[in-house]
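K.L.:
Residue-level listing of the chains:
Number of protein chains: 2
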Amino acid sequence: MDRDFARLDEFLDEQGLDGYAFHDDGSNSDLYYVTGFDAPDPYFAVYTPEETAVLVSSLEYGRAKQESRADTVKRHADYDYRQKHAEHGEREAEAMMAAEFLADVGCESLAVQERFPVGAADLLREQGVSVEPDEDGVVTDVRATKTDEEVEHVRTAQEANEAAMARAEQLIRGADVGEDGVLRHDGDALTSEFVKQEIEIELLRHGCALDETIVACGRDAADPHDRGSGPLEAGEFVVVDIFPRDKASKYHADMTRTFLVGEPTDTQQEWYDVTHEAMRAALDAVEPGATGEDVNQAVVDVYTDHGFPTVYTDPETETGFIHSTGHGVGLDVHEQPSLSQGGEELRPGHVITIEPGLYDPEVGGVRIEDIVVVTEDGYENLTDYEISLAA
Amino acid sequence: MDRDFARLDEFLDEQGLDGYAFHDDGSNSDLYYVTGFDAPDPYFAVYTPEETAVLVSSLEYGRAKQESRADTVKRHADYDYRQKHAEHGEREAEAMMAAEFLADVGCESLAVQERFPVGAADLLREQGVSVEPDEDGVVTDVRATKTDEEVEHVRTAQEANEAAMARAEQLIRGADVGEDGVLRHDGDALTSEFVKQEIEIELLRHGCALDETIVACGRDAADPHDRGSGPLEAGEFVVVDIFPRDKASKYHADMTRTFLVGEPTDTQQEWYDVTHEAMRAALDAVEPGATGEDVNQAVVDVYTDHGFPTVYTDPETETGFIHSTGHGVGLDVHEQPSLSQGGEELRPGHVITIEPGLYDPEVGGVRIEDIVVVTEDGYENLTDYEISLAA
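Chains A and B supply the protein sequences, listed in that same order.
Heads up: the first sequence begins at 0 in numbering that gives the first Met the number 0, then just goes up one per residue.
Heads up: the second sequence begins at 0 in numbering that gives the first Met the number 0, then just goes up one per residue.
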C-alpha cells in the first residue's frame, strides 16, 4: 500500500478549504508524515491536493531539499525576509512572508491542527487568510493506515524490542532468590531500575531509543501506569512493557510480557491463563470491518465469563480489567485506532496492540501484549515471543 | 536564589492581563517550569500573581496533587465535564469547563505562549476570554535565571557528561592506528557510530538520556551541525559534543572537546591553541552586567587578531568562526541567554556555554566548550575536564 491522502483531500473539499497547514518541528507526527522532514526547529508547511510545500530557514534549506518529500521547498530568502524584517519588524515580516508563501501555493483558506500555534494563526488571520482548527485530526486518521514500508519499520523496531525483552527475561528468570524472596543478580538485589537500564542498553545496541519502560513487580504492577521501582521478588508478577522507537525510521513497537520466578499460586496462574485466553479472543476478532469496540468487547466477554470485573461492566471498579484492549502504534506509540468503547472500524494496514490485563493491589498485575497488523483477511502478528508465566 | 516570577508579574501588569495560560504536555519547558508537573498528555494551566492553577483529567489528578507545585489542582469532574459532554458535545463542553475554571482563578484576559494551540484559543475567545500571544516569551526569560537547586541539577548532568566524555576519549586515544590511518578498536574500525553508542550507554548508567550526540571527524567536523559518521582517522580533528538530559531532574548539561590521535600539524595545533585562547577570553568577559554580545565579541576579537574570518566580521564567510559563542542551558539544551550579536545582559544564575570553534572543510573543525554559571562577581565553571588536543 502507498500513502493515501484521499481522505484528507475529501476533508478539504467538504470543508471548502484550500489546504492543510502546519507550523511545528519534526516531532509533530502529523507534520512529519506529510512532509517527511524532521527539523529541530519549527517550520511552516502546507498540504494541498496539488502539492506539499514547506518554508524553511536557509540553515535547513539544503537538508529540506534532500530529505523531505515536499514538492516545493522555499526558504525565507525567497521572500526577502531580511529586508522585510529590517523595514517592518519581525512579526509583520513573518506575516508578510507567510502570506506570500500561501499565495504561491494558491491557498486563501486553511485547515490546521488544533495544536497549530495561536501566534501564527493570528498573523495569518490578520493577513486575511481563513484558519480553521481541525477538531477531528484528519491527518492522524490518514496515517493510522500504514504502508508496507511503515509496517516494515514497526517490524524492525519490534525485533529490537524482542532482543530487549529477552535480556530482561534472562535477568529475571536467571536471578537467584534470596532468603527474603528478593531476586539477586551478581550478589546484589535485582531491581526494576537495573533491568530497565539493561533493556535500554540492549535497545541502543539495536538502534532504538525509549523515554520510559515498565518493569513493575507486586503492588507496582497493579497500577498499569506505574513504571516500577525497587527490588524484584520471587512469587510475584513482574510486568515488563517495552515501547521503543527506532531512531532511523522513528516508528515504534510495543510488547508486554509478565514473568514470575518460582511457583505461581492457583490465583496467579488463573489470572495469567484467563488473560491469555482474552488475548486469543481479541486476536480472533481482529479483521477489516470489525471495530475496535468489537475487539475490546471480546476481551470484556472473556473476563466477565470468568467472573472478573471490568470498567466496561462496572465503571466504578478499580480492580480487574481497567484499561482498554489496545491502540494504534506508528510514529506515535499511542495513536489511532482505539480498541475500546467507541473504537473505530479496523482497516487493512492498521498496526495495533492487543493487551488485556488484570489488576488488584492484593494480587498484583498481569498483562500480555502483542503487536499486529490488520490485513485484508485478518491480521499478521508482528510479535515472535513466547507467552509463558513461569520458566 | 529562589524562583522569581517578578518579571512575569510585571509583564502581566504592563499588558493589563489577568494571567498567563498554557495548554500543553510536560515537555513544554515553560509550562513545566511554572507548574512542576510533567504529564504525558496536554493539560490546562494558568499562572496569576496570586496562584498557579492546573486543570487535569481524573487519571492525572492524584499525581498532579502530589507532584506539581500548583496551588490549585482541579479535575474535569469538578466541572461536571461528563454531563456537559453528554449535553453539548466535546467542543462546547471543553469551552464551558475552561471558562468556569478561569472564572475560579479570576481570569478574564490571558497572555499565552505563541505556540498555545489555536483550537483552545478559539474556544476561549468564543467564551469572551481575551487571549494575547506573548511574542517575547517572558517565561523563557524568567527561567533563564537558575535557582541554586537548578544549578545543582545541571552540575549532576555535567558529572554524567564528563564520565561519558572520558569513555569517548578512552576509546579514541586508546585506539590502534591501521596502515590506512583509520582508528581500530578490538580489530574493527572505530566508527563515530560506535563511540556515540558507548557515550549513550555511559550516560544511561548515570541516569541521563540524550537524543543526539556529535562525534565528527575530518570533513564532518567542519560542519558544526554534522553529527558525524563512519570510521575515525588519525591525524584529523575529532569533535565530541555531548548534551545529555538528566532523566530525574530534566536539566541538561553540554560540553565539547576536540581530540587528535597522532601528531597534530602546525596548522591544527594553531587552530586548537587560538580556540583555547578565545575560550579563555570569553570566560574572562563573563560577569553580571556584561552582555552576551560582549562575551561573543571577546571571541571574535581573538580570532580576528589571529587572522581568522568570522561571520561577525564577514557575514558571507563559510569558514572560520561561523556560529555564536554560546547559549543558555536548562530544561532546554538551547535556551536564553544568547551569547551572540544582540545577546542580552548576563544575570547571576544564568547557566551558559562558552564554545568557540573554527571550521574549514580543508582542515576540519575544532571546538572547545565548557558550561558555567554566572555568579554575583563573575562565574563558576561547572566543567572539570582537561583541555588537550593530543594525548
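If you're looking for bench data, these hints aren't it; they were derived computationally from the structure.
Careful, some of the hints might be misleading.
[To be verified] SDA-like, lysine to any residue: derived pairs with alpha carbons at most 25 Å apart: (1) B:249 / A:40; (2) B:249 / B:218; (3) B:83 / A:40; (4) B:83 / A:321; (5) B:73 / B:25; (6) A:246 / B:218; (7) A:246 / B:210.
K.L.:
All hints are to be evaluated individually against the structure, with a verdict given for each.
P.N.:
Hints, verified against the model:
1. Between residue 249 of chain B and residue 40 of chain A the alpha-carbon distance is near 20 Å, which keeps this suggested pair within the 25 Å criterion.
2. Straight-line distance between C-alpha atoms of residue 249 of chain B and residue 218 of chain B comes to about 33 Å, which puts the hinted pair past the 25 Å bound.
3. Proposed proximity of residue 83 of chain B and residue 40 of chain A is contradicted: the alpha carbons are some 38 Å apart, above 25 Å.
4. Taking the CA atoms of residue 83 of chain B and residue 321 of chain A, the gap is near 24 Å; set against the 25 Å cutoff, the hint holds.
5. Distance check on the hinted pair: residue 73 of chain B and residue 25 of chain B sit about 17 Å apart at the alpha-carbon level, within 25 Å; holds.
6. Restraint check: the Cα-Cα separation between residue 246 of chain A and residue 218 of chain B comes to about 24 Å, which is no more than 25 Å; the hinted pair holds.
7. Distance hint between residue 246 of chain A and residue 210 of chain B is fulfilled; the C-alpha atoms sit about 9 Å from each other, no more than 25 Å.
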